[in-house]
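Chain order of the listed sequences is A and B.
Sequence positions in the first sequence follow this note's numbering and run 1 to 538.
Sequence positions in the second sequence follow this note's numbering and run 1 to 59.
Because the hints were derived from the structure by calculation, they are not lab data.
Source: prediction; values computed, not measured.
Just so you have them, the derived chain A footprint on chain B, three or more residues with Cβ under 8 angstroms:
1) 7 to 17
2) 20 to 34
A partial selection of chain A residues facing chain B, derived with a Cβ cut-off under 7 angstroms:
3) 372
4) 383
5) 384
6) 403
7) 404
Each pair of labels, with its calculated beta carbon distance range:
8) A:353 with B:12: 32 to 42 angstroms
9) B:43 with A:192: 51 to 61 angstroms
10) A:107 with B:52: 22 to 32 angstroms
11) A:157 with B:42: 51 to 61 angstroms
12) B:55 with A:268: 40 to 50 angstroms
13) A:57 with B:27: 45 to 55 angstroms
A virtual CB, placed ideally from N, CA and C, is assigned to each residue, including glycine.
One letter stands for each residue in the lines below.
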Amino acid sequence: MRYDYHQFETRTPPELGGPGQAQDCYDVAIIGAGPVGLAAAIDLASHGIASVVLDDNNVVSVGSRAICWSKRTLEIFDRLGVGQRMLDKGVTWKVGRLFHGDDAVYSFDLLPEDGHKYPAFINLQQYYVEQYLVERAQQFPDLIDLRFRNKVADHTDHGEHVTLKVQADDGAYQLDTKYVLACDGAGSPTRRRMGLSFEGQTFEEHFLIIDVEMPESPFETETPERWFWFEPSFHPGQSALLHKQPDDIYRIDLQLGPGADPKVEATEEKVVPRLKAIVGDKPFTIDWMSVYKFRCAKLDRFVHGRVIFVGDSAHVVSPFGARGGNGGIQDVDNLCWKLASVLSGKASSTLLESYDAERLHGANENILNSSRATNFMTPKSPIEALFRNEVLRLARQDAFARRLINSGRLSVPCVLEGMALQTPGAGPVTSGTAAVDAPLADGWLLEKVQGQFTLIGFGDVALPVVDCARLGIAQQHSDYTCIEDPTGLALQRYGEGIAYLFRPDGHVAASFSHPSTEMVTRALRRAQGLSPEKEAAA
Amino acid sequence: MTEKQPLDGDAFYNALMEAHSGLSEAESHALNARLVLLLANEVGNLDVLTQILSCAGQD
Ligand SMILES: Cc1cc2nc3c(=O)[nH]c(=O)nc-3n(C[C@H](O)[C@H](O)[C@H](O)COP(=O)(O)OP(=O)(O)OC[C@H]3O[C@@H](n4cnc5c(N)ncnc54)[C@H](O)[C@@H]3O)c2cc1C
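Isolated chain A, as found in the complex (with noise of 0.2 angstroms):
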């Protein structure tokens, strides 16, 4: 069944409606309605803060695009509201095999254990990403503005506000603002205007992209899947990709080689017999096919002044590794609780820089795990396919050559450990990881440590009075909400008689074996990126 496109209602913004109707300047505008600056909207809007979301289209994203959403960003999407939708939808998958020729080479298995909300994960169209954010969005009508078909043309930075000129159904008008959130994707045209240089490595190589409809599954085993190969007999020399997608749909990556011709290869002359070659007589009609090259790049410094760039604008990635989405929502995750930190006084602008400093981090490993896996996948030289094929053919055996086959390194939480903002701790979970999930005897971790500064004490360890919400697990305590630990899981992963500080986007700040009131505040205070000693007004 395929994805039946609706047209988002355009309204006329307030800025034509007549004089009075328009706000003289707002919060944050948001230039782009991807995944990106749909999940910014609603995360700032989870923290109080109002936007005026732009966007030139009026339709979700077209085509095949982003299918492989992984565990962290489904953990964000549950403190936004749309996890367990996705999940629900989605078809839910952590193996990947990996043949070559028509050999199984081995298999990997990105979440061996239980005990965790979330899946490593899981395939959605980016349609229905798109649609079930807009739809989210659309529930916080006092603090999300979403004005489909308003282009920004121009913008200036005044310093304390931008000026944005904007290209609506019913004509320009200009709005100003107090941050500008550049969500407009990898061509960004604010970057472009600013002249920002965007570099990095292009891969020679095209894919092949096909989303096929298929009612009888091509798997062999029970549950999903993701298959790759190197060099199947079905595509000789290349390397080809197979994951299922909802409603009967499947993705199919072929690598071209680089002489070929892109024009000649997305036909369905060429591209049919090859995908009989792959699932056999199983009747199957084309979605969509395209023809894709990859490349690697990112700015140097993602915030500059009050505009601020936030996903594909700011860094794109080859897609094996499913890195350039995932990646943007951590993007979002850790930019929106300092943005909104900063809007209502409670931070000073510098705890932007830390949006910079540890989402700069987090894109050069995609970055650098993108690029290595496509590097694997391309090699340049017969010297490189040598060692290629011959890391293929010792992996059947030998456990150590399976390292190195590199199909791509799929997206995994970003740790900030050692960055400004963090606490050196006590305890196993270092400082700067994104939570581990455990049931809980009420719901899920994670759902308790996203969205605010949260202190945590896991087992026997007495929770100090702080300026930030507290909650024991597995302890008794008066002065704040105690949970049970039912499956032990959580005093498990989280170590016995230690507390944790979580900042709203759910990394660990801190943590302590005995923890004072006086050190939590200081790790507390760090974390917000204000100086250690309390001044006389705060």
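Use these hints to put chain B with the ligand onto chain A, whose structure you have.
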């Protein structure tokens, strides 16, 4: 072969490919030969080397 302490496979592979980058086929052969000899010296144990030789020689 039994596995020893884990190696950062991706970083190693990347460094190996970089070492070969821009070399002619003959130069790559020579580099590989030198690598084998240096690594043999690192291993420093004839029994282990004999075992590796037979392992690599298998088809
Ligand atoms: C083939 C393929 C497969 C992929 N697979 C995955 C995957 O499995 N997992 C994953 O995580 N990622 C994947 N990605 C990457 C993912 O699609 C992107 O990272 C993601 O779409 C980035 O979201 P974004 O919101 O930053 O940008 P976009 O989705 O590009 O959204 C940008 C928005 O800005 C709007 N815009 C642009 N200019 C203006 C303007 N001047 N005024 C107003 N609006 C404007 C655009 O219309 C658009 O709506 C894949 C990408 C490709 C191409």
